[in-house]
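Student: Heads up: the protein sequence lines correspond to chains A and B, in order. Heads up, our numbering is the position in the first sequence plus 9, with the first residue counted as 1. Heads up, our numbering is the position in the second sequence plus 231, with the first residue counted as 1.
I should point out that these hints are in silico values taken from the structure, not numbers from a laboratory. One should not assume that every hint holds.
Claimed, not checked - Each computed DSSO-like pair below joins lysine-lysine, with the alpha-carbon atoms no more than 27 Å apart:
hint, chain 1, residue 1, chain 2, residue 2
1, B, K242, A, K66
2, B, K293, A, K113
3, B, K242, A, K46
4, A, K67, A, K113
Unchecked claim - Covered, in the sense of this in silico footprint (three residues per stretch, anywhere, with C-beta under 8 Å from a C-beta of chain A), are these stretches of chain B:
hint, region
5, 271 to 284
6, 330 to 342
Being a predicted model, the structure only gives us computed values, none of them experimental. All residues carry an ideal CB built from backbone N, CA and C; glycine is no exception.
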Amino acid sequence: GENVEQHPSTLSVQEGDSAVIKCTYSDSASNYFPWYKQELGKGPQLIIDIRSNVGEKKDQRIAVTLNKTAKHFSLHITETQPEDSAVYFCAASTQAGTALIFGKGTTLSVSS
Amino acid sequence: DARVTQTPRDKVTEMGQEVTMRCQPILGHNTVFWYRQTMKQGLELLAYFRNRAPLDDSGMPKDRFSAEMPDATLATLKIQPSEPRDSAVYFCASGLSTYEQYFGPGTRLTVT
């Protein structure tokens with residue numbers, strides 16, 4: 010089955026810096042890669058996703074890149090702000106339409 | 232603003248008691264998921280339904296957990312009997328497929 014590894018587990022940056030979170034997956038049939046942001050006491054919120062026919066997708070300060078050959082994808086946050094502080098999860102899903110497999114999460118702390 | 236709702240938000244119970252958690256998916260979503268989140272294991276899929284039919288419940292301890300969708304607007308997760316190791320946050324999510332999933336606020340369960 011699919012396995013998703015996420016790194017780093019914690020990340021501390023200064024406000025205005027960029028943050029990068031990386032994930033690798035094991036199933037080459039996976040074709041959908043979402044990223045979720047979870048704030049304290051809340052459920053995960055979908056912030057961006059990418060499908061296997063696209064190499065990069067951007068939404069304002071957030072971008073996701075996908076390398077299908079290497080089976081890894083990354084979340085890039087530019088000009089970080091304190092409100093970006095949260096736990097971020099990556100996930101992967103296969104063409105068979107099976108449920109998402111989540112990484113273990115990255116706790117991002119942005120200090121001002 | 233359509234949202235997934237979950238009740239109760241917090242539940243404290245004694246070992247051996249029955250616990251029922253409820254979820255109202257977003258209207259029109261035909262796929263419903265139950266996840267459990269712990270610090271140690273992260274986000275684990277327990278079960279999911281499409282058009283009210285269970286598709287996968289392999290992540291659920293069958294001897295004590297059960298999940299149902301009595302109708303399209305209600306999903307339930309029941310634990311009987313509950314054990315301290317069941318203490319976790321339980322999330323319901325809904326979507327139009329197994330791809331984009333929208334999470335509820337969660338039910339924090341504490342079993343003493």
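Student: A separate judgement is required for each hint: does it hold in the structure or not?
Tutor: Okay, the hints, checked on the actual structure:
Our distance criterion of 27 Å between C-alpha atoms is broken by B:K242 and A:K66, whose separation comes to about 40 Å. Between the alpha carbons of B:K293 and A:K113 the distance comes to roughly 24 Å, so the proposed pair stays at or under 27 Å and holds. About 24 Å separates the Cα atoms of B:K242 and A:K46, which keeps this hinted pair within 27 Å; it holds. With a CA separation close to 23 Å, the supplied pair A:K67 and A:K113 stays within the 27 Å bound.
As drawn, the region 271 to 284 of chain B meets chain A at 4 residues by the rule of a beta-carbon pair under 8 Å; at three or more, the given contact holds. Evaluation of the coverage hint for the region 330 to 342 of chain B: fulfilled, as 8 residues show C-beta separations to chain A shorter than 8 Å, against a requirement of three.
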